[in-house]
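Engineer: Residue numbers (the UniProt record's numbering), protein chains in the order written: chain A, 1 to 306; chain B, 1 to 308.
I should point out that these hints are in silico values taken from the structure, not numbers from a laboratory.
Watch out, some of these pointers could steer you wrong.
To be verified - Okay, derived cross-link-like pairs now, DSS-like style, lysine-lysine, Cα gap no bigger than 27 Å in a straight line:
| hint | chain 1 | residue 1 | chain 2 | residue 2 |
| --- | --- | --- | --- | --- |
| 1 | B | K87 | B | K57 |
| 2 | A | K164 | B | K216 |
| 3 | A | K148 | A | K105 |
| 4 | A | K284 | B | K149 |
| 5 | A | K175 | B | K69 |
| 6 | B | K57 | A | K284 |
| 7 | A | K280 | B | K303 |
| 8 | B | K153 | A | K291 |
| 9 | A | K105 | A | K284 |
| 10 | A | K287 | B | K149 |
| 11 | B | K153 | A | K287 |
| 12 | B | K64 | B | K82 |
| 13 | A | K291 | B | K64 |
| 14 | A | K102 | A | K175 |
| 15 | B | K303 | A | K222 |
| 16 | A | K287 | B | K168 |
| 17 | B | K111 | A | K287 |
| 18 | A | K291 | B | K56 |
| 19 | B | K156 | B | K192 |
| 20 | B | K87 | A | K291 |
| 21 | B | K216 | A | K291 |
| 22 | B | K69 | B | K56 |
| 23 | A | K287 | B | K56 |
| 24 | A | K291 | B | K57 |
| 25 | A | K165 | B | K149 |
| 26 | B | K216 | B | K61 |
| 27 | A | K284 | B | K111 |
As the list claims (entries may be wrong) - These stretches of chain A come out as covered by chain B in the derived footprint (C-beta under 8 Å, 3 or more residues):
| hint | segment |
| --- | --- |
| 28 | 147-159 |
| 29 | 206-215 |
| 30 | 287-294 |
No residue lacks a Cβ here, since even glycine has one placed at the ideal position from N, Cα and C.
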Amino acid sequence: MATKKKRTPNVQNDSWVVMAADSVIDTQKHDSDPAFVRLRNPATDAASLYMLSSGDVQLFEVKAFEEDFHSWFVGQTVQRDGRLLFVTPMDPLYLIIPYLIKSGKECKFQPMDQVLMDEEFPACSRLLSCTGSLASLHHIAEEKEVEKLKFHRYSQEKTMNWLKKKVERTVIVLKARNISVGEGVKSTTYIRVKSESDYHEEDYLRHAHGMISEYLSEELSKALLKHLQLPELTSPKVTEPPSKKRKLSELPVEAGEDYTKFNSSDFARKPPKKMTAAQKSLAKVDKSGMKSMSSFFSPKVKAEKN
Amino acid sequence: MDLSPFETDNSVSCRLASQIPDVCRTEDCCLGIDEAGRGPVLGPMVYGICFCPVSKKQELKESKVADSKTLTEAERENLFQKLDEAKSYIGWALHIISPNTISTSMLQRSKYNLNALSHDSAIDLVQFALDSGVQLKEVFVDTVGPADKYEEKLSKRFPGIEVTVRPKADSLFPIVSAASICAKVARDHVVKGWNFAEDLGEVDSAYGSGYPSDPKTKAWLLKCLDPVFGYPQFVRFSWSTAQTLMDSKGVTVHWDDDDEDGEKAAQRHNNRSMLAYFSASAGGNDQNPTRQTHRFFTERRLKSLDTL
């Protein structure tokens with residue numbers, strides 16, 4: 001029954017299903033079309049996809065909703081990749097920060113068109129034409145004006161204050177949208193007793209910080225955590241299973257596992273043991289009303305004598 | 001036989017019934033159950049019941065109803081006419097299980113097999129007779145699966161009625177033969193004049209008997225296979241005949257309850273496959289393994305892209 005299906009590799013297709021703000025396709029004022037561009041992702045330092053609206057007025061980030069086993073029916077065609085692309089507005093400053101930091105190491109005031117130079121991603125200079133890019137640079141850099149020419153130098157202090165405001169704003173949205181932020185929800189087996197309103201301010205701050213960190217280098221993310229006065233969490237890494245060998249020690253032996261929890265009423269049953277693929281597919285078959293295999297091997301019921 | 005209630009929408013199942021004879025509401029009755037169209041890959045499976053007062057059993061026997069398989073189509077039609085004309089003491093009811101229902105039942109996440117579908121249809125029809133006021137005392141059934149288990153199930157479900165489940169009941173009890181004729185005639189009519197909901201263009205209707213072994217049926221199945229959608233609703237997708245053809249000629253479709261093993265499945269379930277320990281370098285494609293995407297995005301299955 002369970003035939004193995006070969007997965008053919010996903011081929012590139014020339015159409016996408018996209019959700020985008022109206023402003024993305026607003027081409028009235030400018031001649032150029034909105035375009036996908038590859039820019040340096042501030043968090044990963046690698047390429048990511050962004051979009052610049054017509055005339056490079058606005059920056060958008062591109063995120064894809066991607067889950068297994070999805071496809072689209074578009075008009076009279078089938079599109080194999082079931083992705084849904086979101087094109088959402090983004091503050092260009094996040095992309096500018098890494099370049100400023102890099103040039104800021106020389107401790108000099110520099111004109112922005114010299115700061116935003118990247119052989120790998122030449123499109124980065126276009127970020128300067130976004131509305132508000134130049135006007136809001138003072139949030140993250142010190143400015144100097146000499147004979148109508150502007151020069152900038154990265155300021156960690158300003159940047160931290162700016163990012164803090166971003167975090168605080170995100171918290172407001174998280175609360176308004178009723179987004180669950182507590183650590184408790186991380187564990188799927190944990191049944192939450194607390195209502196959503198019991199989240200602490202810190203949970204919100206931490207969640208918002210995590211979201212903002214998606215747009216920051218790791219260093220900045222850590223600095224921001226300090227700036228927000230949040231203690232660093234030592235998250236338990238994927239724990240190695242305890243070694244079978246007992247360690248020798250002089251300390252008195254204590255119970256390694258606590259069986260008393262099995263006595264309490266809220267002890268939940270463990271999920272059933274894992275089955276092999278074959279057993280799984282067998283278990284799925286509805287066997288009601290069918291003879292069991294063993295019945296064919298049992299001695300035959302003797303026919304009644306007439 | 002008026003099949004229009006089914007033909008208006010042949011994607012769902014449908015019940016057809018004769019008038020209930022008055023005598024059946026007052027006298028003790030016997031009831032036979034049989035089915036038609038269990039094996040074919042095309043068309044519906046039809047469940048039929050026939051009932052009459054116990055006192056009229058002899059009369060029924062004399063009308064020469066016999067197992068529908070031993071009769072020609074013309075004889076069946078003839079006998080059905082006779083049964084229908086004897087409406088003063090014989091009643092019948094049919095449950096037409098559409099091929100679409102069969103496909104979706106057998107292929108749904110929690111599998112619902114043909115035996116269970118059959119049992120439930122039979123139970124439904126008996127209940128229908130009871131609800132209509134038929135004074136049931138005896139029920140005769142051709143078996144589906146082990147007879148003793150089925151008999152036990154039906155007896156439990158209908159206490160106070162004497163249930164007899166036998167293999168080949170359609171040749172043993174005239175009332176079951178009558179039921180089998182009703183079911184078979186209905187199935188023949190439905191299959192012959194199938195209203196295709198799909199726009200099949202020029203595909204001819206020479207699909208033969210509908211049994212997987214019929215070369216005409218096989219040729220038709222090959223001809224009307226759509227690589228994306230497979231078959232019209234006339235075909236039982238759950239039949240291995242149809243499945244094999246779709247697997248080999250159609251586009252592969254993956255469902256999330258497909259069984260799969262190996263590397264891909266392991267990845268999906270977030271554990272490492274045994275093979276991973278032997279490959280050259282694990283985790284090479286991840287640029288920054290220490291950095292995880294924030295759960296806001298992972299919970300919503302949102303990813304950054306680097307190319308389209």
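Engineer: Take the hints in turn and mark each one as holding or not.
Structural biologist: For each hint, the structure was consulted:
At most 27 Å may separate the alpha-carbon atoms for a hinted pair to count; K87 of chain B and K57 of chain B meet this at roughly 14 Å. With a CA separation close to 74 Å, the supplied pair K164 of chain A and K216 of chain B exceeds the 27 Å bound. For a cut-off of 27 Å, the pair hint linking K148 of chain A to K105 of chain A stands: about 25 Å separates their Cα positions. About 22 Å separates the Cα atoms of K284 of chain A and K149 of chain B, which keeps this hinted pair within 27 Å; it holds.
Among the hinted pairs, K175 of chain A with K69 of chain B is inconsistent with the structure: their alpha-carbon atoms are about 71 Å apart, more than 27 Å. In summary, the hint linking K57 of chain B to K284 of chain A is not supported, as the alpha carbons are separated by about 44 Å, beyond the 27 Å threshold. With a C-alpha separation of about 31 Å, the suggested pairing of K280 of chain A with K303 of chain B is violated against the 27 Å cut-off. At roughly 14 Å between alpha-carbon atoms, K153 of chain B and K291 of chain A fall within 27 Å of each other, so this suggested pair holds.
The straight-line distance between the Cα atoms of K105 of chain A and K284 of chain A is roughly 63 Å, outside the 27 Å bound, and the hint therefore fails. As the CA atoms of K287 of chain A and K149 of chain B are separated by approximately 13 Å, the hinted pair is consistent with the 27 Å bound. At most 27 Å may separate the alpha-carbon atoms for a hinted pair to count; K153 of chain B and K287 of chain A meet this at roughly 15 Å. Of the pairs offered as hints, the one joining K64 of chain B and K82 of chain B holds, with about 10 Å between alpha carbons and a cut-off of 27 Å not exceeded.
Straight-line distance between C-alpha atoms of K291 of chain A and K64 of chain B comes to about 35 Å, which puts the hinted pair past the 27 Å bound. Restraint check: the Cα-Cα separation between K102 of chain A and K175 of chain A comes to about 35 Å, which exceeds 27 Å; the hinted pair is violated. Only pairs whose Cα atoms come within 27 Å are accepted, and K303 of chain B paired with K222 of chain A is accepted, the gap being roughly 22 Å. Using a Cα cut-off of 27 Å, the hinted pair K287 of chain A and K168 of chain B holds, with the two alpha carbons roughly 23 Å apart.
Restraint check for K111 of chain B and K287 of chain A: the C-alpha separation of about 9 Å stays at or below 27 Å, so the hint holds. About 37 Å separates the Cα atoms of K291 of chain A and K56 of chain B, which puts this hinted pair outside 27 Å; it is violated. Annotation: proposed proximity of K156 of chain B to K192 of chain B is violated, straight-line Cα distance about 38 Å (limit 27 Å). At most 27 Å may separate the alpha-carbon atoms for a hinted pair to count; K87 of chain B and K291 of chain A exceed this at roughly 39 Å.
With a CA separation close to 33 Å, the supplied pair K216 of chain B and K291 of chain A exceeds the 27 Å bound. For a cut-off of 27 Å, the pair hint linking K69 of chain B to K56 of chain B stands: about 24 Å separates their Cα positions. Note on K287 of chain A and K56 of chain B: the hinted pairing is violated, with a Cα-Cα distance of about 39 Å set against a maximum of 27 Å. Distance restraint check for K291 of chain A and K57 of chain B: the Cα-Cα separation of roughly 33 Å exceeds the 27 Å cut-off, and the hinted pair is therefore not satisfied.
Distance hint between K165 of chain A and K149 of chain B is unfulfilled; the C-alpha atoms sit about 72 Å from each other, more than 27 Å. As the CA atoms of K216 of chain B and K61 of chain B are separated by approximately 37 Å, the hinted pair breaks the 27 Å bound. Pair hint K284 of chain A plus K111 of chain B holds up; C-alpha atoms about 7 Å apart against a cutoff of 27 Å. Residues of the segment 147-159 of chain A with a Cβ under 8 Å from some Cβ of chain B number 0, which does not satisfy the need for three, so the listed coverage is violated.
Interface restraint, the segment 206-215 of chain A with chain B: holds (5 residues with C-beta to C-beta distance below 8 Å; minimum three). Coverage of the segment 287-294 of chain A by chain B holds. Counting CB-CB distances below 8 Å, 5 residues qualify, and the rule asks for three or more.
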